[in-house]
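A.B. asks: Put together the whole structure using the sequences plus the hints.
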Amino acid sequence: MVGICSYGVYIPRFRITMHEIARVWGADAGEITRGLGVREKSVPDLDEDTATIAVEAARAALRRRRIAPEAIGAIYVGSESHPYAVKPTACTVGEAIGATPHMTAADYEFACKAGTAGIQTCMGLVQSGMITFGIAIGADVAQGAPGDALEYTAAAGGAAFVIGNDDPIAVINQTCSFTTDTPDFWRREGQSFPRHGGRFTGDPGYFRHVQGAARMLFERMGTTPADYDYAVFHQPNAKFPLRAARMLGFAEEQILPGLVVPRLGNTYSGASMIGLAATLDLAKPGDRIFVTSFGSGAGSDAFDITVTDAIASSSFDRSAAPTVEALLANPVYVDYARYAKHKGKIVMQR
Amino acid sequence: MSVSRFWRKIPQRYNLIGTQCTTCGRYFYPPRSLCPDCRRSGTIVEHQFRGEGTIVTYTVIRTASDLFEHTTPYVLAIVRLDEGPNLTAQVVCRPEEARIGMRVKSVFRRIAADGESGVIHYGTKFVPAE
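Chains A and B are the protein sequences, given in the same order.
Sequential numbering of the first sequence, starting at 1, is according to my numbering.
Sequential numbering of the second sequence, starting at 351, is according to my numbering.
None of these hints come from the bench; they were simulated from the model.
Positions of the beta carbon are idealized from the N, C-alpha and C atoms, including for glycine.
Computed spacing ranges between beta-carbons, pair by pair:
1. Glu109/A x Pro386/B: 47 to 53 Å
2. Glu480/B x Gly26/A: 39 to 45 Å
3. Ile346/A x Trp357/B: 27 to 33 Å
Short, incomplete list of chain A residues facing chain B, as computed with Cβ under 7 Å:
4. Leu46
5. Asp47
6. Asp49
7. Thr52
8. Val55
9. Glu56
10. Pro83
11. Glu95
12. Ala96
To list a few chain B residues with every Cβ distance to chain A over 12 Å, as calculated:
13. Asp387
14. Cys388
15. Tyr408
16. Glu433
17. Gly434
18. Thr438
19. Ile450
C.D. replies: Here's what the structure looks like:
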């Protein structure tokens with residue numbers, strides 16, 4: 001059956017605290033941290049972008065499992081911050097992992113769920129027999145305008161999932177999506193930063209779509225939250241996924257292992273995928289994982305996943321690449337000025 | 351750097367593709383098409399370096415050319431790859447962290463860009479592996 005054959009994550013080592021951002025804008029740091037449930041967020045280095053993060057995540061996945069590069073038939077990179085408007089990040093990834101030229105590739109954009117859309121595309125290509133393995137990546141150096149609410153959480157990081165049907169470490173039992181035209185968050189062509197509908201992003205955006213996809217999956221599979229060991233939701237902050245989990249009937253302990261946003265921030269296209277990776281870092285054979293992503297605009301992809309014996313077999317070496325926990329450890333903290341420089345927010349003479 | 355020049359070097363820059371003389375076993379980076387020891391009796395094949403090595407020596411760049419002026423100070427090192435060849439590359443660490451003999455491993459980073467609208471030059475840098 002089709003499933004996840006390997007996975008890898010990359011998170012830059014720099015962090016900025018909510019307290020530091022609030023200091024600059026004269027905001028109440030305690031109130032913001034409590035409201036969002038986020039303490040700090042990752043910051044890319046001066047020479048890191050979505051392409052470098054995607055490459056490092058893909059290479060980490062391939063270190064965990066020996067897969068011939070020529071067996072990779074498709075690469076999809078989902079992001080809101082592709083380095084080029086025209087020229088695919090997926091081609092750079094393909095070249096950097098030696099999978100070119102006999103492969104198909106494309107960049108996806110669906111706000112924060114473009115990476116899980118890539119997983120679904122790879123599943124279809126694998127199940128139809130068109131490819132042996134496909135790689136779906138969600139990566140971002142997330143944008144948030146200076147002083148905007150998004151700036152407190154917009155972070156950097158990404159995850160890569162190798163999809164195939166050759167002895168997967170986790171079988172994807174089912175996937176379904178819930179999609180509508182909802183303008184809760186957007187970035188127009190040529191604009192540097194996204195805009196959003198404030199509180200409108202909550203009920204008509206995140207909660208409607210996450211619940212829509214999640215309940216559709218329960219119905220198709222005949223399951224309830226009690227059937228799953230873990231649940232992962234898109235995590236723009238800690239408050240939304242915790243509330244969504246409660247609304248659906250999941251217990252906090254089911255989602256806490258995959259809830260990395262308090263120390264990472266919102267990695268947009270990487271967010272739910274890094275949450276799934278953090279869960280797979282701990283998972284045992286037989287564990288069942290419920291995943292629901294969310295992308296503004298808007299849509300959610302839900303997945304029912306069962307971890308197989310292969311995760312503990314000799315064909316897969318989980319320790320060959322760093323866990324999410326290891327990537328979150330030992331951060332280097334930067335102040336707002338250094339953060340602004342790293343993010344290109346300082347107006348320079350050209 | 352012209353687009354075509356960057357494109358030609360993508361295998362070397364992204365994946366440390368060099369060559370090896372299978373006659374004497376010597377590795378070359380950047381790649382050589384002729385072994386200087388074995389000459390006509392040498393057989394050259396492509397080789398992808400593992401990307402692990404040791405700092406032979408390094409300098410801290412504090413006054414850089416226009417392309418790199420906003421990334422100073424940075425560490426520029428001669429790295430001896432485990433297979434043998436030396437190459438000059440940036441080591442991503444604080445200047446005070448760098449030391450001769452430090453073990454490093456390769457990472458994929460942005461090296462430079464041709465202005466605001468030109469091609470982005472990706473390639474290999476190193477990070478401490480200790």
